[in-house]
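Protein sequences appear in the order of chains A and B. Count along the first sequence starting at 1, add 892, and that's the number in the numbering used here. Count along the second sequence starting at 1, add 892, and that's the number in the numbering used here.
It cannot be assumed that every hint is accurate.
Said to hold, decoys possible - Here are the computed lysine-lysine pairs in the PhoX-like style, where the Cα-Cα straight-line distance is at most 25 Å:
| no. | chain 1 | residue 1 | chain 2 | residue 2 |
| --- | --- | --- | --- | --- |
| 1 | A | Lys1204 | A | Lys1003 |
| 2 | A | Lys911 | B | Lys1190 |
| 3 | B | Lys1140 | B | Lys903 |
| 4 | A | Lys1140 | A | Lys1189 |
| 5 | A | Lys1112 | A | Lys1140 |
| 6 | A | Lys1117 | A | Lys903 |
| 7 | A | Lys911 | A | Lys1016 |
| 8 | B | Lys903 | A | Lys1190 |
| 9 | A | Lys1204 | B | Lys1140 |
Hints are computed from structural coordinates only; laboratory data are not their basis.
Number of protein chains: 2
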Amino acid sequence: MKSIPTLQDIKNAHQRIQKYIHRTPVFTSQQLNNETGNQIYLKCENFQKVGAFKFRGASNVVFSFEDEFAERGVATHSSGNHAQAIALAAKMRGIPAYIVMPENSPQVKKKAVAGYGGIIRYCKSTLSAREEVLQEVIQETGAHYIPSYDDPGIIAGQGTATFELLQDHPDLDVIMAPVGGGGLLSGTSISAKNVNPDVTVIGAEPANADDAYRSFKSGKRQPIKTNDTIADGLRTELSDLTFSIIYKNTDDIITVSEEAIISAMRFIWERMKIIIEPSSAVPIAVLMEQKLSVENKKIGVIISGGNVDLEKLPWMS
Amino acid sequence: MKSIPTLQDIKNAHQRIQKYIHRTPVFTSQQLNNETGNQIYLKCENFQKVGAFKFRGASNVVFSFEDEFAERGVATHSSGNHAQAIALAAKMRGIPAYIVMPENSPQVKKKAVAGYGGIIRYCKSTLSAREEVLQEVIQETGAHYIPSYDDPGIIAGQGTATFELLQDHPDLDVIMAPVGGGGLLSGTSISAKNVNPDVTVIGAEPANADDAYRSFKSGKRQPIKTNDTIADGLRTELSDLTFSIIYKNTDDIITVSEEAIISAMRFIWERMKIIIEPSSAVPIAVLMEQKLSVENKKIGVIISGGNVDLEKLPWMS
């Protein structure tokens, strides 16, 4: 079993990465407060480098390596925000990043990874093909594999967002984050509960990919059954590591429908004029649907990212 | 001839409206700096109330009235940001706002004005029909007409955005704003030149609606010929008042193509994750097209607003 990061690990991560990351702003909106009956504080990781919180974990791992160890480079398989985050962190460190991506990935994602200097290796789009090509790359180059969430260093990095949020707003009653593989919610919950045990920590998940919800309710990690959700960042399932952290540090996991996610995303675009991706809209949907029964509370929400295909928005038929 | 506002008028406006408006943030982006070869500071009026700088001028005029004068209400004809701005300012003041709108205005705009408590009077979509219905409303109610740009109080209010920007960044070399009717550029140029005469002030205009450019170059106000531009906030022409202010206080007016506007708008959405309307992208397009020949300068840009039809984005065919 991999080790569970502590608050001190998160503080060390913050120390390590703070000159590389953006300290993202916290946004509020009277209209969102009125709509939800609470005071909402959005920690805007859509303004983070590469447009997502993933850069925190990636840079924490990449900059934690000793020079000699680091120089062989890093590798991962991902077609999403994690791939871009690893590519940029490696570029800043001056080491190679090998990114295994399905050959049918959208052009825009290939360009983004290449734009950050990532060396792309294409594979078929199955998980086994990804893992096979990744193993080949690692054997060939000696690069170090950095998983996208099942890793203590990644989790500690993701926890720095909540650490900053609680520095700016120490009086929050509730902190919410979306949950997919659980890296963000793990880091969020460790930060929150160890800075202030009275904070309520809530995970928000699409009903269409509800393995974390079922795992949390049953007390035993459940496999994902369907992942047909617009929230493309949340189609993965918990690992043993993230499940054990979340089960211990989270107060509840709440699910929402696809319609609620789309409607929440559109509300934020229209009223707040910021671009958030569908995954980021999941906790907002929980609040707008009144699925968390609290009133007049100060609620922090981690806005996970803003990477969206601008050719095809979810409210367009 | 209407009187030209002074810096003192802008300071008074700021004093008057600061408890009603948002002090909007200034955003920067390394990617935008790299792309343009300068350091760009975006004054984000897309985050202003009603999603546009127009709320500054509207609230300045509405809150400048004596109580007895104010209580008969205010009136304007507009289907855009000015209508929403007047409706909200009047609501905050507790007086009626009569908004004359073409009956074929998009549903979303009617709803927005009604949502801020505006009393809508419909008219045919010609300018003469608008003015006729406006006169009827005024005669009937005694309400005071507030023009959308041809007014010293409106201009003084719009100038407060640059006043704040120069408080936050006193060392700017250049300040840019889009120009349509010229209310924003007038206020911008008065603020900039009177706070610091060394600041270069640039207006940015769509080539497809280039009356300000032709007026500026010829030294005489020219009528608008075409206004077939995606930048729907800039389809109007200068008034005698705004032309005289801009001619005196602006260093140049630069035009850009529709393609450049759309491409700049998309760049800001994709890289900065903020929603800006096409009019706001016009100065960005000037910078990205290298049409202003400066390098390594500190350039402030007034981002006019973020009200966009999210069903139909300009890069979609």
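Verification of the hints:
The suggested pairing of Lys1204 (chain A) with Lys1003 (chain A) holds, with an alpha-carbon distance near 18 Å, which does not exceed 25 Å. Between Lys911 (chain A) and Lys1190 (chain B), the direct Cα distance comes to roughly 23 Å. Compliance with the 25 Å bound is thereby established for this hinted pair. About 20 Å separates the Cα atoms of Lys1140 (chain B) and Lys903 (chain B), which keeps this hinted pair within 25 Å; it holds. For the proposed pair Lys1140 (chain A) and Lys1189 (chain A), the alpha carbon gap of about 23 Å is at most 25 Å, so the pair holds.
Between Lys1112 (chain A) and Lys1140 (chain A) the CA atoms are separated by roughly 12 Å; this keeps the pair inside 25 Å, and the hint holds. At roughly 36 Å between alpha-carbon atoms, Lys1117 (chain A) and Lys903 (chain A) are farther apart than 25 Å, so this suggested pair is violated. Simply put, Lys911 (chain A) and Lys1016 (chain A) have alpha-carbon atoms about 37 Å apart, too far for the 25 Å limit, and the pair is violated. Restraint check: the Cα-Cα separation between Lys903 (chain B) and Lys1190 (chain A) comes to about 35 Å, which exceeds 25 Å; the hinted pair is violated.
Pair hint Lys1204 (chain A) plus Lys1140 (chain B) does not hold up; C-alpha atoms about 45 Å apart against a cutoff of 25 Å.
Hint compliance for this structure: hints 6, 7, 8 and 9 are broken, all remaining hints hold.
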